[in-house]
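To convert, note that position 151 of the sequence shown is 151 in this note's numbering; the numbers rise steadily by one, no gaps.
Hints listed in this document are in silico derivations from the structure and should not be mistaken for laboratory results.
Possibly wrong hints are sitting among the right ones.
Below are the SDA-like pairs computed for lysine to any residue, each with C-alpha atoms no more than 20 Å apart in a straight line [said to hold, decoys possible]:
hint: 1; residue 1: Lys230; residue 2: Gly437
hint: 2; residue 1: Lys230; residue 2: Glu212
hint: 3; residue 1: Lys254; residue 2: Asp22
hint: 4; residue 1: Lys295; residue 2: Glu314
hint: 5; residue 1: Lys230; residue 2: Ile432
hint: 6; residue 1: Lys439; residue 2: Ser288
hint: 7; residue 1: Lys254; residue 2: Val334
hint: 8; residue 1: Lys26; residue 2: Ala40
hint: 9; residue 1: Lys26; residue 2: Glu5
hint: 10; residue 1: Lys254; residue 2: Glu337
hint: 11; residue 1: Lys435; residue 2: Gln294
hint: 12; residue 1: Lys11; residue 2: Lys254
hint: 13; residue 1: Lys254; residue 2: Ser176
hint: 14; residue 1: Lys295; residue 2: Gly76
Ranges between beta-carbon positions, derived for each pair [what the hints assert, rightly or not]:
hint: 15; residue 1: Ala15; residue 2: Asp319; range: 28 to 34 Å
hint: 16; residue 1: Ala138; residue 2: Lys435; range: 21 to 27 Å
hint: 17; residue 1: Lys439; residue 2: Ala73; range: 34 to 40 Å
Idealized CB from N, CA, C, for every residue including glycine.
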Amino acid sequence: MNMVEIITHKKLGQALTQEEIDFFVKGAAEQTVPDYQLAALLMAIRLNGMTPEETTHLTLAMRDSGDVADLSAIPGVKVDKHSTGGVGDTTTLVLAPLVAACGVPVAKMSGRGLGHTGGTLDKLESIPGFNISLSEEAFVDQVRRIGVAVIGQTGSLAPADKTLYALRDVTATVDSLPLIASSIMSKKLASGADAIVLDVKTGSGAIMHTLEGSIELAKAMVDIGTLANKPVAAIVTGMAQPLGTHVGNALEVKDAIDVLSGRTKGDLLDVSLLLGSHMLVLAGAAASAEEGEQKLREALESGAGLRKLKEMIEAQGGDAQVCDDLSLLPQAAVVREVACGQTGWVAAMDTTALGLAAQAMGAGRIRKTDPLDYSVGFVLPVRIGDHVWPHTPFCTLYARSEAEADAAEQAIRAAVRISSDPVERPPLWYAIVTKDGAKMA
């Protein structure tokens, strides 16, 4: 067996055998196959696709190319949640403690932000002292003790995916559905959870801009889970605008704390409850999503969710007092209130552009090695469908300098379109995909 034969088979649109997939994945992990051959194969896959069986074989081969976390010492059904990426998407910080407060263990490995999307680890590291680098033993022990931990992925998790992802980024093959699905699911399966809930975004700030493409991606990942004997549910949710009103690391931690404290309601809470309810169902802690949501609301209203967040922060070396005193979070040098300046209805948002505006302020990275300023970002209280007047608060900027605030204001105004005609609010979710098919909203 050699790479030229494998490339030729896929170039001609043929399905690759499990042995062929294992061969090139092993070569990617061990870096024994030249990049130019891997790049040629990736382009052939991008052009000719893969069958569900091929995609599943690819996912499992990438999962097995490195360590697979062993969570068997944690009692109960461990359920993980993964988002395909968005702006103002702070659901992990809301639903992980709420789900844990309902008695379901949450052992979560998360990633950092890159480009226009934020990363859970970056948000958590804005909490003074918070440590995202636990050993697997400490990770398992913490979940056994308090029911929840959120840490960074280990360097030995799915190493083949790291090689292939880096090549996809520079060979215009990022938008291949089987490559997206296998990349996400290989890491999720290697994280060791018993069941997985996927939050597949759709809209202007999502990896898949169209609803059709987002549902197709959701189905592909659920198919992988089914073929791998792992319960998976995927919910297609909207990213036509930032999910929460706060964009930026410390600001998003504040948003999550406000939600768990009962001070804030809205889309972030509603999507967190939706995802969390399905986590409870997969864990067997609720007979239906409706029962699951009721249990989560009880944990929210009793304060159990906020107490669980405090426990997690303290267990991972952070200052849990931030939950009671938000001024302990990093504070920006410049704070500017901006009014709408016109009358009309908020008609549309370029969510990717809004994420890039926060990135330019210092909240995100262009390269993985770029330093972050945890304090910067913006609060955007207006939502699509809102009627606004000149004096309506448009956004609050948190910047390092007046010049960066000027640039951010210009970018945010350009990303939000205000119309003279009324506009309907976009749906929060569009479909729930399980092994039994897609249920549309």
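**OP:** Determine whether the Cβ-Cβ distance between Lys439 and Ala73 falls within the hinted range of 34 to 40 Å.
**Re:** The hinted range 34 to 40 Å holds for Lys439 and Ala73, with Cβ atoms some 35 Å apart.
Original post:
Using the C-beta atoms of Ala138 and Lys435, is the stated range 21 to 27 Å upheld?
Top reply: Between Ala138 and Lys435, where Cβ atoms are some 34 Å apart, the hint is violated.
Original post:
Is it true that the CA of Lys435 sits at most 20 Å from the CA of Gln294?
Top reply: violated (25 Å)
Original post:
Given the hinted pair Lys254 and Glu337, is their alpha-carbon gap at most 20 Å?
Top reply: holds (18 Å)
**OP:** Below or equal to 20 Å on CA atoms is what counts here, so check Lys254 against Asp22.
**Re:** This hinted pair is violated, its Cα atoms lying about 45 Å apart.
Subject >> Satisfaction of hint between Lys254 and Lys11, Cα-Cα up to 20 Å >> reply: It is violated: about 50 Å lies between the C-alpha atoms, which goes past 20 Å.
Original post:
Hey, Lys230 versus Ile432, does the alpha-carbon distance stay inside 20 Å?
Top reply: holds (17 Å)
Original post:
Is it true that Ala15 and Asp319 lie within 28 to 34 Å of each other by Cβ?
Top reply: 53 Å Cβ-Cβ, so the 28 to 34 Å window is violated.
Original post:
Has the given pair, Lys26 with Glu5, been kept, meaning a C-alpha gap of at most 20 Å?
Top reply: Measuring from Cα to Cα gives roughly 16 Å; hence the hint holds.
Subject >> 20 Å limit on alpha-carbon distance, applied to hinted pair Lys439 and Ser288 >> reply: holds (15 Å)
Original post:
Hey, Lys254 versus Ser176, does the alpha-carbon distance stay inside 20 Å?
Top reply: With a Cα-Cα distance of about 36 Å, the restraint between Lys254 and Ser176 is violated, given a limit of 20 Å.
Subject >> 20 Å limit on alpha-carbon distance, applied to hinted pair Lys26 and Ala40 >> reply: Cα-Cα ~16 Å, so holds.
Hint check: violations occur at hints 2, 3, 4, 11, 12, 13, 15 and 16; the rest are consistent with the structure.
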